[in-house]
Amino acid sequence: MKAYADASGDQNPLHQDDAFARVVGFPGIVAHGMFTMAHLASCVVAWLGDPAALKRLRVQFRAPVYMGETIVAGGTVRSLDAETRRAVLDVWVRLERDGAAEYPIRRGEAEVQLA
Amino acid sequence: MNAALEGKAYPPVRFRVDEDHVARFAAAVGDDGSSVPPTFVTVPEIAAGLVRAIADTELGLDFARVVHGEQEYEWSRPVRAGETLEVRATIESIRAKGGHEFLTLRTRMLDEDGEEVVSARSSLVVRGSG
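Taken in sequence, the protein lines are chains Z and S. Residues in the first sequence are numbered from 1 upward in steps of one, following my numbering. Residues in the second sequence are numbered from 1 upward in steps of one, following my numbering.
Treat the hints with caution; some may be incorrect.
[Stated by the list, open to error] Derived SDA-like pairs: lysine to any residue, alpha-carbon spacing no greater than 20 Å straight-line: (1) Z/K55 x Z/V23; (2) Z/K55 x S/S34; (3) Z/K2 x S/P12.
[Stated by the list, open to error] For each label pair, taking beta carbons as the anchor points, the in silico distance ranges come out as: (4) Z/V77 x S/E116: 24 to 30 Å; (5) Z/A3 x S/E116: 26 to 32 Å; (6) Z/D90 x S/T84: 19 to 25 Å; (7) Z/T70 x S/A4: 42 to 48 Å; (8) S/A27 x Z/D98: 29 to 35 Å; (9) Z/D50 x S/A27: 29 to 35 Å; (10) S/G7 x Z/A101: 36 to 42 Å; (11) Z/L114 x S/G128: 40 to 46 Å; (12) S/F63 x Z/D98: 29 to 35 Å; (13) Z/A19 x S/S76: 17 to 23 Å; (14) Z/L114 x S/E19: 28 to 34 Å; (15) Z/Y66 x S/A55: 48 to 54 Å; (16) S/A4 x Z/G9: 40 to 46 Å.
[Unchecked claim] Listed next, the stretches of chain Z that the computed footprint assigns to chain S, with coverage defined by at least 3 CB atoms under 8 Å from CB atoms of chain S: (17) 10 to 24; (18) 31 to 41; (19) 48 to 62.
No lab work stands behind these hints, which were simulated from the structure alone. Keep in mind the model is a prediction, meaning the values are calculated, not measured. Ideal Cβ placement from N, Cα and C applies to all residues, glycine included.
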């Protein structure tokens, strides 16, 4: 998280200072939402095979991600315009916490240009 | 927050997409670094918008209570290492609801030809003390 804070410029102590995170009501340091979104964007680009093919990405941050948790990103094709090859994807980021699935990003939307 | 600041435009920031910076960002997010990670644009977005908003004493944003609510990017093309972007951030809206406050920043990034490369919208939640 320190590397992401330094690279991105987001120095909110919520993402670096355990005592601060507890004072503002979290059980520990919270990962940057943008760290989670970065992972999702990289997964979409890896699937597309072309960084230029990702046209739009919109997410809501629904649940915090804590240190030591493993996030998994995925998605499904919601619609495809056969003529323009533009597709809209439903995308998400999921993790397991106390045996249950949590969705830090549940209903993200990506617009992509297929080859 | 001071809701009268809706529509306020912060002075544009010129931001050079530095190759070493891209590599550090890619490493931090676990990207292989074969291209500029799509969300590298978060860096100029923060520099032109969030940093200004935090420092804006008229606005009165309590960064210690901020969590990220929503984020949207629209790319006209991928950002290229070595190029310089002009980054323009504005306060799109300031709202209060359910004991929390909501600040939405809109950021446009233009290339050296004046063409829009990225449009960003970031919604921050200022958590109420109750």
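Results for each hint:
At roughly 39 Å between alpha-carbon atoms, Z/K55 and Z/V23 are farther apart than 20 Å, so this suggested pair is violated. Distance restraint check for Z/K55 and S/S34: the Cα-Cα separation of roughly 18 Å lies within the 20 Å cut-off, and the hinted pair is therefore satisfied. Of the supplied pair hints, the one linking Z/K2 and S/P12 is violated, its CA atoms being roughly 27 Å apart against a limit of 20 Å. For Z/V77 and S/E116, the hinted distance range of 24 to 30 Å is satisfied, since their beta carbons lie about 27 Å from each other.
Between Z/A3 and S/E116 the beta carbons are some 30 Å apart, a value that agrees with the proposed interval 26 to 32 Å. Checked against the hint of 19 to 25 Å, the pair Z/D90 and S/T84 fails, with Cβ atoms roughly 36 Å apart. Checked against the hint of 42 to 48 Å, the pair Z/T70 and S/A4 passes, with Cβ atoms roughly 44 Å apart. Hint check: S/A27 to Z/D98, Cβ distance near 31 Å, so the stated range 29 to 35 Å holds.
At about 22 Å, the CB distance of Z/D50 to S/A27 disagrees with the hint of 29 to 35 Å. For the pair S/G7 and Z/A101, the beta carbons lie near 41 Å from each other, so the given range of 36 to 42 Å is met. For Z/L114 paired with S/G128, a C-beta distance near 44 Å keeps the hint of 40 to 46 Å intact. Look at S/F63 against Z/D98: about 30 Å separates their beta carbons, and that is inside 29 to 35 Å.
Against the hinted window of 17 to 23 Å, the Cβ-Cβ separation of Z/A19 and S/S76 comes to about 43 Å, which falls outside the hint. Between Z/L114 and S/E19 the Cβ separation comes to about 30 Å, which falls inside the hinted range of 28 to 34 Å. The supplied range of 48 to 54 Å is broken by Z/Y66 and S/A55, whose beta-carbon atoms lie about 29 Å from each other. Remark: the range hint 40 to 46 Å for S/A4 to Z/G9 is contradicted by a beta-carbon distance near 27 Å.
Counting residues of the segment 10 to 24 of chain Z whose CB lies closer than 8 Å to any CB of chain S gives 6, so the stated coverage by that chain holds, three being the minimum. With 8 residues having a beta carbon nearer than 8 Å to a beta carbon of chain S, the segment 31 to 41 of chain Z meets the requirement of three or more and the stated coverage holds. Under the rule that three or more residues need a Cβ within less than 8 Å of chain S, the assignment of the segment 48 to 62 of chain Z holds, with 10 such residues.
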